[in-house]
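> This is what each chain is made of:
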Amino acid sequence: MSLLSLVPRSLGRVGLAAALVVSSGCAKSATPVGGSGDAAARVYVAPGQYDEFYMFASGGYSGQVSVYGLPSGRLLRVIPVFSQDAEKAYGYSEQSKPMFNTSYGFVPWDDSHHPSLSKTDGLNDGRWLFINGNNTPRVARIDLAEMNTKEIIEIPNAAGNHASPFVTQGTEYVVTATRFSVPTPQKDVPISTYKENFTGQIGFVAVDPNSGKMSLAFQIHMPGYDYDLARPGKGPSHGWAFFTTYNTEQANTLKERNASQNDKDFVTAVNWKQAEQCVAQGKAKTWPTRYAHNWVDEADVAHSEMLTGQKVLEPADCPGMVYFLPTPKSPHGVDVDPTGEYIVGGGKLATVIPVHSFSKMQKAIAENAFEAAIGGIPVLKYEAVNYCEVANPGLGPLHDEFDDKGNVYTSVFISSEIVKWNLKDCKVVDRIPVYYSIGHLMVPGGDTRKPDGKYVIALNKITKDRYLPTGPELAQSAQLIDISGDKMKMLLDFPTIGEPHYAQAILASAIKDKQMKTFSLAGNKDPFVTRTEKDARVERKGNVVHIYMTAVRSHFMPDNIEGIEVGDSVYWHVTNLEQDWDVPHGFAVTGANNSELLVMPGQTRTIAWVPDRPGVFPFYCTDFCSALHQEMQGYIRISPRGTGVQISFNTPK
Amino acid sequence: MENGIGPIKEAIELEKIDHDEAEEGRKLFEAKCVLCHKMTERYVGPALADVTQKRTAAYIMNMILNPEEMYTRHPEARKLLAEHMTQMPNLGLTHDEAREIVEYLRTQTSTKAGS
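Residue numbers (my numbering), protein chains in the order written: chain A, 1 to 653; chain B, 654 to 768.
Excised from the complex, chain B in its bound form (with noise of 0.2 Å):
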């Protein structure tokens, strides 16, 4: 269950950031994500700067690709469907595009750990 239910299927080794990799999931992600995502507050989603710190890369990817899934059927998803109120919307995101903003995320985190 760590790894989330979706089209990953494996846990995904995180090696040195790619800063190249991360610059483009930073574009996607203010394109796409900062409608309801912000880093350090709840808005309409809960807030991302830890979350590479609390998933795995496998489960933000899936959560990314398959929301409508995790949040019917993985239990963590579900606590924060019920929390938010708001079913996160599939966004036609590919799986390279959904590993990009992974490695943004790894940037933002409040320790900076990992770079």
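Bound conformation, chain A alone (with noise of 0.2 Å):
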């Protein structure tokens, strides 16, 4: 039953929300929220077994990536991307703090929206997941055997980069575009001003196919609506990508009314392959911005480099590499099918899902089907790209995700549900409330040509009680829906760190047994690591004193340091000389201003600390590795400033 049937039509928009959030509490008992008897056996992962996918999900203001397991929903592990994260000295240790550097300086978090598994041959392929920051805007790339965050590029010109970073189907581009106008480049005008001087761009970062390495490639400078979310081609459609665009109104205050007029905006379509030519014909301008651009080396240490330049082309110069779709109604999702030939708009505030045809499209450019033009770029007639619209989708249909069945599933955030309906004959043949007010759902592999299906994941907003209460502040809900059937049933909620906007899914076959388990010591290219015990040993350079530590179970070498003075700028550089599978060792001496250390087998680390006082301070394994764990740490002397006491420490006999 949906909750659409329990409000009266009479009420409008607003109070239609209103009442709904009223009504969900009557819901709850009304329709059965639990999952059918076998849904405890569907779910359950008894121990010493595995879940069946990885799950990956954005962490949203967190800044995080989170990893699930499916079908347990069992939280595996939070890669730390854009914020950062104590617990694992990212972004405190010397090695990984040049992470954060952008035009702006040392930002330290940021708002992930979506993960994107790379994919070859439209396939995912197990070897990076990418991930947007919106707000300062970038693009991290992160490792899967590692699951580290390895690599990330700051975008120019762009303000909330949201409809990004969506990956093309050979992971030739990951995309990126401004969700907020601004002018482009910056300058100082009225905000007033926005029609005359607010621009976007829609831009492209090429992936070396080899290292995954980022570069900003291009970019297309658009009028300034709102670019809001991004599907590449595939296929048929492979060398396109699909924009939604709303705020067609060009409003810059109280959007929410404002940007919500017109009964049709956009889905811009891009011919990347196009853009490619017109850059290669020397087409585009090179803007003098300055961008960040950062990655971890062989050696498991970032740098940093600031980079200039960005190469923007001009619509009116490159004809056909951009057209706009009519799309009802400030369309928020667009999603293209596994055949690559529907591209479906989720119209947030539109009554139909409209889908568009990519094939009635190419014919639509051929016979110069436009009914206007914006800016150079035409404007295709809605009935000459429309393929069907669905109807009865609910209230505020949003996303799409396919299974391997040609089904699609919309989530539809007002009336809270998910609508299952197929591109045969666009009718809704199911229907399921979720709880409360999903956002994105995913299939696994639901945007590759071959979907796994079994599964979709509703990624909802409000949560409310679905869980133990924990004070003002809840845990976003997810739930587990078993699409296998005809009709769609509820199997499992779990909560889920920061807010997921999207998640992405592979088979743990694919990637579980690449999975790193140490790092080599023999091959560690730090160089502050110390490959044996017996070089351990403490040097002072002026007022920098560097420590080269080694630790195994369970005690460092060296663990009595003297001759430290007030002020000086000691470098903790810790190894872990172990190689054997999960014996992390941690590392904090007194009053740090920065983190502890995680060091992983292997791997070197190294956390800078000023003593203030004289004084002998304990330092500590924090990480339990042993049965003889609470031992292992060790003293520092620290004697004022001048006094001259000689570096000593103890060294293995």
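I should point out that these hints are in silico values taken from the structure, not numbers from a laboratory.
Even for Gly, the Cβ is constructed at its ideal location relative to N, Cα and C.
Treat the hints loosely; a few may be bogus.
[Claimed, not checked] Heads up, simulated SDA-like pairs for lysine to any residue below, C-alpha to C-alpha not over 25 Å straight-line:
#1 A/Lys489 <-> A/Lys512
#2 B/Lys680 <-> A/Arg537
#3 A/Lys487 <-> A/Arg537
#4 A/Lys525 <-> B/Gln761
#5 A/Lys454 <-> A/Asp38
#6 A/Lys525 <-> B/Arg679
#7 A/Lys517 <-> B/Thr693
#8 A/Lys534 <-> B/Gln761
#9 A/Lys264 <-> A/Asp425
#10 A/Lys517 <-> B/Gln761
#11 A/Lys512 <-> B/Asn656
#12 B/Lys732 <-> A/Glu631
#13 A/Lys381 <-> A/Asn368
#14 A/Lys405 <-> A/Asp38
#15 A/Lys517 <-> B/Ala675
#16 B/Lys691 <-> A/Tyr620
#17 A/Lys213 <-> A/Val428
#18 A/Lys213 <-> B/Lys680
#19 A/Lys534 <-> B/Cys686
#20 A/Lys534 <-> B/Ala675
#21 B/Lys691 <-> A/Ser648
#22 A/Lys525 <-> B/Leu681
#23 B/Lys680 <-> A/Lys541
#24 A/Lys541 <-> A/Pro98
#25 A/Lys525 <-> B/Glu683
#26 A/Lys534 <-> B/Thr760
#27 A/Lys534 <-> B/Pro660
#28 B/Lys680 <-> A/Ala39
#29 B/Lys691 <-> A/Thr651
#30 B/Lys691 <-> A/Lys487
#31 B/Lys732 <-> A/Val583
#32 A/Lys525 <-> B/Thr693
#33 A/Lys534 <-> B/Thr693
[To be verified] Covered stretches of chain A, going by a simulated chain B footprint (3 or more residues, C-beta under 8 Å):
#34 152 to 165
#35 209 to 218
#36 265 to 276
#37 578 to 585
[As the list claims (entries may be wrong)] Only part of the chain A face toward chain B is listed, based on derived beta-carbon distances under 10 Å:
#38 Leu521
#39 Ala522
#40 Pro527
Work from the hints to combine the two standalone chains into their complex.
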């Protein structure tokens, strides 16, 4: 039973939302909210067994990526990406701090929205996961064998990098775009001159097919609309990318009302192969922008470089590159089906789900079926590109994912449900209420040429009474739904960290056996590595002291250090000598103004410390490593400045 | 049981000490074993100067190559675990590397027998 049926038709849209918030309590008891009898068996992963899928969810305002097992919904890891993580010394260790560099300086947080698995031939290949930073526009690349962030590139000329970083069929590019049009390039103008001065950009970041290294390829200078979400094409539509485009009203204030006036906005279709040609023909201009590029090298040490220049194409200079497809109404999601032929719009404020046809679009282009042009960009006729409109989809359809049987699953926000329909007849065949207020949804492989199917995950925005309450702030709820039969079946509810805007899943078997177990101590290229206890030492260079320390169960070497003075800059370079699986060591010293170190087997990590008072201070291993973990501890003696106590330390006999 | 539990299934015949092999074993010992073992005093693990007198070569190699099973299932290794309270990690050594370490340990006996 849909929540829709509980609300009188006479209410306006705002009243409807309010009524639904009130009525959601009633709906809970009216419909079975738990799974059916065999749901428990379907989601139980017995001790010693493994989950079937890895699910990577964006952390939203946490700035990280979380990893869950499916079907159990268990949290396996939080991968730090855009936010400092003191537990892992990410953004605190000397080796990791450069990852946070931007043209605005050190930015220790961002808002991560859309994880995107690297693809080969339209299928998930298990190499990398890309994720966007929405606030200070950036894209990050995560290595999936190590599950750590390896590279972050800043995106110039953008604001609100939301339609990002969706991956093309062969991982040629990840896309970026501007959701908050701004003066591009930035300049000081009154905000009310939005229509004259504010513009957007749609960008393409090239990915090196071997190393994964990202570089800015080109941007397209677009009219001042909001470029919200994207999907690259696949199969026949490979070479194109589609971006939802709303606020064609070009409102700059109270957009809730002012950007929701027009009946239709657009899906922007970009022929990026055409753009490549125009760039090769020298039609792009280079804008003198400054942006940061940060990466982790082979020694597992991060570096940051400031780069300049971005190639920008004007649509008028490159005919055939960009088209507008009218789409009702303030469309939010755009998704391309597994065959690459159908482009489904999530018309957030529309009463239907519009589906465009790629082949009809190409025919419309060939036949010049334009109704207008904006800034050199042809606006195709709606009837010429539209394939069908799915009626009665619920209120507020947003995103679509696809299964392996030609079905489409659409998340519907205001009426808080998932509706199922198929591309053959565009009719809703099933609906299931979700709790509550769903944003994105995810089918494993649902954005590839061959979805795995089996489940759809609802990523909900409102949690309320789904779990034991935990004060005013609640974890967001995700729900696992079985789609293997004709009717969807609710299986499991599980809380998630931050706000998972979107998720991607891959079969565990694809990457489980490639997971790194240790770093190679013999191959450790950190400039401050200490490979054996005999090489452990303390060296003074003026006011800077370098401690070359080893850690192994259950002692540090050296563990008694003297001759340091108040105000010295002390660098603790800790190398974990273990070469066994899952034996990390931690390191912490009194009064550190940063964090602990967490050092994996074979790895070297460095933390900076400035002692501010004389005395003898302990340091210790923070990560339980052995029966004698509590004995894994040492002392450092700090003498007053200028007392000239000689550096001394114990050595293995 | 005198040969331990692990990949070495048969007793190993020991001949005259091969000093080149022992030198390779010394380098490995100082990279991998000194973290926990000294020769004449107890450290994290037991003192090893006379281990080649007390244990067979096969036992020692199995201890190096298969420590988890040894300290879980072999009565002698289990006794040592209870005494030292630290599990010997698997250092990922090859069969040949373990054999070289045995050769080095043969040169470290306090009575220098078998040289």
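> Look at each hint and say if it fits the structure.
Okay, the hints, checked on the actual structure:
no.	hint	result
1	A/Lys489 <-> A/Lys512	violated, 28 Å
2	B/Lys680 <-> A/Arg537	holds, 20 Å
3	A/Lys487 <-> A/Arg537	violated, 67 Å
4	A/Lys525 <-> B/Gln761	violated, 33 Å
5	A/Lys454 <-> A/Asp38	holds, 15 Å
6	A/Lys525 <-> B/Arg679	holds, 24 Å
7	A/Lys517 <-> B/Thr693	violated, 34 Å
8	A/Lys534 <-> B/Gln761	holds, 19 Å
9	A/Lys264 <-> A/Asp425	holds, 23 Å
10	A/Lys517 <-> B/Gln761	violated, 34 Å
11	A/Lys512 <-> B/Asn656	violated, 36 Å
12	B/Lys732 <-> A/Glu631	holds, 22 Å
13	A/Lys381 <-> A/Asn368	holds, 9 Å
14	A/Lys405 <-> A/Asp38	holds, 23 Å
15	A/Lys517 <-> B/Ala675	violated, 31 Å
16	B/Lys691 <-> A/Tyr620	holds, 23 Å
17	A/Lys213 <-> A/Val428	violated, 43 Å
18	A/Lys213 <-> B/Lys680	violated, 39 Å
19	A/Lys534 <-> B/Cys686	holds, 12 Å
20	A/Lys534 <-> B/Ala675	holds, 20 Å
21	B/Lys691 <-> A/Ser648	holds, 23 Å
22	A/Lys525 <-> B/Leu681	holds, 20 Å
23	B/Lys680 <-> A/Lys541	violated, 31 Å
24	A/Lys541 <-> A/Pro98	holds, 24 Å
25	A/Lys525 <-> B/Glu683	holds, 20 Å
26	A/Lys534 <-> B/Thr760	holds, 21 Å
27	A/Lys534 <-> B/Pro660	violated, 31 Å
28	B/Lys680 <-> A/Ala39	violated, 58 Å
29	B/Lys691 <-> A/Thr651	holds, 13 Å
30	B/Lys691 <-> A/Lys487	violated, 68 Å
31	B/Lys732 <-> A/Val583	holds, 23 Å
32	A/Lys525 <-> B/Thr693	violated, 34 Å
33	A/Lys534 <-> B/Thr693	holds, 18 Å
34	152 to 165	violated (count 0)
35	209 to 218	violated (count 0)
36	265 to 276	violated (count 0)
37	578 to 585	holds (count 4)
38	Leu521	holds, 9 Å
39	Ala522	holds, 9 Å
40	Pro527	violated, 20 Å
Violated hints, listed in ascending order, are 1, 3, 4, 7, 10, 11, 15, 17, 18, 23, 27, 28, 30, 32, 34, 35, 36 and 40; each of the other numbered hints is respected by the structure.
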